[in-house]
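Each chain, letter by letter, is given below.
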Amino acid sequence: MEVDQRELLALAARRLWDESPQDPGLRRLIEGAQASESRRTPIAAALWEWMWRLDPGLTPQRWAEDGPQPPEQGALNPFLNFEDLSETESVAVVAELDSSAAALLAAAVQAERVSDWWATGDVLRRYMTVHADSERFMSDLRSRTRLPSTSGRHQTLVLDDKFLPPTLLDDYQVALTRLLLVGHPATTRQILPVLLVTQATTDDTTFLDQVRIARFAIRRVQTRSRATSARTAARAVVRPRPYGVPRREPQRVAHRTQRTPVEAFANRFSAAAAVLIGAVARAESPHEDKIDDGQWQAQP
Amino acid sequence: MTAELEIVHVSDVHLADTEPTWLQKHIGVQRGSASVAEALAATVKSLVSRTGPQTVGLLSGDLSTLGAAGDIGSTRIWWEGHAGDSSRYVLGNHDFWNGHPLQTAIKHTQVHWEVRDAHWPLDRITTLSVGDMRVTVYELDSTPRDQITGLVTNVLAQGGRFEPLTISLREAVYAQGAWGHGPDVGVVLMHHPVDRLRNGLVAIAELDQNTSLNLVLVGHTHRALMNRFGSGERGYVQATCGSSTIRGRKKPNPSFLVHALSALEGTVRLQTTFWEFDGTTFAPARTDPPIQI
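The listed protein sequences correspond, in order, to chains A and B.
According to this note's numbering, the first sequence is numbered sequentially starting from 1.
According to this note's numbering, the second sequence is numbered sequentially starting from 1001.
What the hints contain is simulated information worked out from the structure, not anything from laboratory work.
A hint or two may mislead.
Now the stretches of chain B that chain A is said to cover, found in silico as 3 or more residues with beta-carbon under 8 Å [to be verified]:
#1 1166 to 1179
#2 1190 to 1204
The calculated label-pair distances, taken between Cβ atoms and stated as ranges, are [what the hints assert, rightly or not]:
#3 G1266/B / E89/A: 43 to 51 Å
#4 R28/A / L1122/B: 42 to 50 Å
#5 E1114/B / D66/A: 37 to 45 Å
#6 Q73/A / T1018/B: 31 to 39 Å
#7 A1283/B / R144/A: 26 to 34 Å
Glycine included, each C-beta is placed from N, C-alpha and C at the ideal position.
Chain B extracted, bound-state conformation (with noise of 0.2 Å):
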C-alpha cells in the first residue's frame, strides 16, 4: 500500500523558554523536556522533509504550560521551523492561562479571546490535493469560554460545550462544497478528545452524523489511543496523540503518531504508526494494520 498523505501528529508539547516559578514547580504544572523537544524537532524534521510521501505536520494543541505569550510564541516558531510552512496547529486549555492561572481564571472569556487574537487565526481551513484525493483540514477551539459576554451556564465543563463547535463544522464543510474527483477526507483538529466534552455522548453522535468527517485528531490525555465511534457502517476515528515532550515516572513515554492515509478504489484507507522516545531518539515503536475510514 502506497502512503498518500503522512500526518505527523504532535500533540501537548508544553514547552517553556521561561524558568518555571517557584508557584509553578510547586503545583506540579507539566512541562515538556528540552532534550525530548530537540530530539521531537529532530524527527520531525527529517519526516516532512523526505522524499516520499507528502508530509504534513499537526500539532493538537498545548504548546505552552501555563499559556505565557512568549512560551505559545516561541513554540510556534520551533514547530513551523521544524514541521514547515505547510504545518498547523491549534491551541489547548493549559494555552489559555495567560500565564498567570489565578487572574485569568476570572476573566477567561476575555483572555481567551486575546490568546486566539494574538496567536490562532479564526476559522482556518487547510486544504490539500493528493492525486485524487482531497483532504481537507478543520481546525476547532474545544477549550471551554462559556458565552462571549462572560455569562457562564456550566464552570464545571472540562471541555467546551460541542453545539457552537458543531455548528461552525458544519458551516465550513458546506463552504467548502463538493469534490467530484475521488476520495473526500474531511479531518478535525482540535484539542480535547470528542468523549471528554461536555456531554461528550452528544459530541460522539453529533460528529458520526457529519458524512464529511474521517478522522478527529486530538490530544489533552497525554495518552495516546486510537479510537472508532460512531454508529452504522461508517462512523470515524479518533486518534488521540500522547505527550509528544514530558517525561516523568509514571508517565508513558513521549511518543507521536504518523497516519499514513491512501486511496484505494474510491475508499481511503488510514494506517497509524506509534513514534516513542526511546531515551535518546524518537523510534517507530508500533504499527497497526490497516483500516477503511
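Bound-form chain A, shown alone (with noise of 0.2 Å):
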C-alpha cells in the first residue's frame, strides 16, 4: 500500500493514539512531520520506517507483489529522497526528536547506498564474497595483535578506510535486513538458507542465532507463506551448503558431524523440527503479539 503524508500521519496518529502507554518518540515525529510543509522531509522518512517495522502493509505494492524493485519502479520508502538528502544532517535532524527513528533512517540510508541493493540475487552473491573477505580479514588482525608476540609494537589500523570488508559487511547485513523486512516470499526464501549457512560458519550460538532470523524473517511474509518458508529455514538448517554451490548426492550425515547416526539424525530433526513448529505456531495465533512486546502488530 503506497502512503502520502497525510495517510501516513493518520495511520501513525491512529497507533499513537491505541498505543498505552504511548510512545514519546512517535508522538514527537508526528508532530515534526506535521509541522513541516514538504513532504519528503527527513522526518517523514523515519516516521515511514517507524510505522512500516509495525505495519508491513505499508510495502508498496509493487514490491510486495512483485519482489524488490529498481528505484525507477518507485522507492520502497516513498519519503526517502536521496537526491536532496544530506545524510549526517538529515539522521542529526531526527535524532532531536528521538534517537530509535534516527537509528531507523540511518539504517535506511545505509542499506540503499548499496548499489543495486533492490537486486537480490546480486546482493547476495557479493555478501558472500564480503563475508569471507571480512572474516579472513578480522582473523588476520586477531592474529596480528596478538600478546605477547606483539607486545611493545602496536597495532595500527586503518580505520577512516569504509571500503574494509568488515565496514561494507555492515552495509550488506543491513540491506539483507531491509529485503527480509519487505516480505515478499520468493525473496525471503531466497536470502533465508544464505543467511542461516552464513550464520553457521560463523562462532557459537548458531542455532539460536538461526533461530532468531529465521522468526523475524518468517514473521513478515505473508501468513500464508509462513508455512512454505519455514520449511525452506528448516531444510537450510538441516542441510546448510553454501550459497550457488548446487546439490550433491546425499550424504551420510554421520560422516560430516562425526556423530553416530541417530545423534546426527536427532540433531537434524529436532532442528528443522523446532523452526518449523516455533514458525507455524506463532503464524497461527498472530493476535497475541503485542506491538510493546516487539516489532509485530497483530493482524486485525
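Build the complex from these two chains, which are given one at a time in their own frames, with help from the hints.
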C-alpha cells in the first residue's frame, strides 16, 4: 500500500492513540512531520520507517507482489529522497526528536547506499564474498595483534577506509535485513538459506541466531506463505550448503558431523522441527503479538 | 614485581540446575560440567581468600545455558559464594533467552530488559583503590537488543551496536572524575570481544580514543586470547577468557585467567597467568611476560 503524507500521519496518529502508554518518540515524530510543509522530509521518511516496522502493509504494492524493485520502478520508502538528502544532517534532524527513529533512518540510508541493493541475487553473491573477506580480515587482525608476541608494538589500523571488508559487511547485513523486512515470499526464501548458512560458519550460538533470523524473516511474510518459508529455513538448517553450490548426492550425516547416525538424525530432526513448529505456531496465533512486545503488529 | 591487584577472570560457565530438555540435548546447547565447576569454585575461592595481593573475581558473561531465570540465579549465588562479595559479573548472550529460545526470539528486546531488571543492575561501576592506584571496572551490556521499542535495524548483527556502549562508557568515565594520586586504570567488563561486535573495527577505534581505558575483559568465543588493539603508543589490551567449565572433544580445556596489575613509577604493568583444568583441578599453565598498559 502506498501512502501519502496525510495518510501516513493518520496511520501514525491512530497507532499512537491505540498505544498505552503512548510512545513519546512516535508522538514527537508525528508532530515534527505535521509541522513540516514539504512532503519528503527526513522526519516523514523516519516516520514511514517506524510505521513500516509495525505494519508490513505499508510496503508498496509492486514491491509486495513482485519483490524488490529498481529505483525507477518506485522507491520502497516513498519519503526517502536521496537527491535532496544530506545523510548526516537528515539523521541529526531526526535524532533531535528520537534516537530510535534516527537509527531507523540511518539504517535505511545505509542499506540503500549499497549499489543495486534491490537486486537480491546479486546482493547475496556480493554479501558472501564480503563475508568471507571480512572473516579473513578479522582473523588476520586478531593474529597480528596477539600478545605476547606483539607486546611493545601496537597494531596500526587504517580505520578511515570505508571500504574495509568488515565495514562493507555491515552495509550488506543492513541491506539484507531491509530486504527481509519487505516480506516478499520468494525474496525471503532466496535470502534465508544463505543467511542461515552464513551464521553456521561463524562462531557460537549458531542455532539461536538461526532461530532469531528465521523467526524474524518468517513473521514478515504473509501468513499464507509462512509454512513454505519455514520449510525453506528448516531445510537450510538441516542441510546447509554454501550459496551457489549445486546440490550433491546425499551423504551420510555421521561422516560430516562425526556423530553417530542416531545422534545426527536427532540433531537434524530437532533443529528442523524447532524452526518449523515455532514458526507455524506463531503464524497460527498472530493476535497474541502486542506492539510493545516487539516489532509485530496484531493482524486485524 | 609485586602485584597490587589480581583479577581472577572467569567466563562462559554455562551452568544449569535443571536437566537439559530433549531439544536442548539434541541441538547441542553447550553446558558446563558440574565437576569442573566444583574444581573451579574451589580454586577461585582459594585465590580470593589467600593473603597477599587484593584479589577480585570477574565473570564475563554466559552464566547459564539458555538463560532460565533459576539457572542465572543459582549461578550468581554460586559465583558470589565462592568469589566473594567484591566479585562482579556481566550477562552474556545465552543469558537473555529466558529458557525458551523460540518464544524469546521474537520478543528479545522485551525479554532483554526483563532479564536485566531481574539479574543485572544497570550502569554498575566498581572502583577499587589499591595503594595509590585506582582501578575502575565498567560493566557493559554487549548483547544485541536493538531499539527499546523493538524496531529492528539489523537482525543479522551478532554482537550489539557499539555506539550505545561508547556513549554509556564515555558518560561513566566522565562521571568518575580525575584521579590525581597515582595510576588510574580503566577496565571494561563485557561479554563479546570488541572485534566481534557489530562493525568491530569501529568499536576498536572508538575504545582506543578513550584514554581512560587500559584493559577489556571479555569471553564469548570459548578460546583464550590476549590482544593489543589501538594505534599510536597507547592502545589497550583485550583479554579473552575461554570457557571455564565446558569440556569436550575438540574443545580447549576449561580455563580462566589471572591478571596481576601493579603500579611501577607511575605506570601500570599487567601480567597474565593462564590457568587450565588438568582433569582433576585447575593449575597455572603459562604466565605471559609483563607488559605496560
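Checked hints:
Check on the segment 1166 to 1179 of chain B: 0 of its residues sit with their Cβ under 8 Å from a Cβ of chain A, so the three-residue criterion for coverage is violated. Under the rule that three or more residues need a Cβ within less than 8 Å of chain A, the assignment of the segment 1190 to 1204 of chain B holds, with 8 such residues. In this structure the supplied range 43 to 51 Å holds for G1266/B paired with E89/A, their Cβ-Cβ distance being about 45 Å. Distance hint for R28/A and L1122/B: a CB-CB separation of about 24 Å, inconsistent with the stated range 42 to 50 Å.
Between E1114/B and D66/A the Cβ separation comes to about 41 Å, which falls inside the hinted range of 37 to 45 Å. Remark: the range hint 31 to 39 Å for Q73/A to T1018/B is contradicted by a beta-carbon distance near 54 Å. For A1283/B and R144/A, the Cβ-Cβ distance of about 30 Å falls inside the hinted range of 26 to 34 Å, so the restraint holds.
Checked against the numbered hints above, the structure breaks hints 1, 4 and 6 and satisfies the rest.
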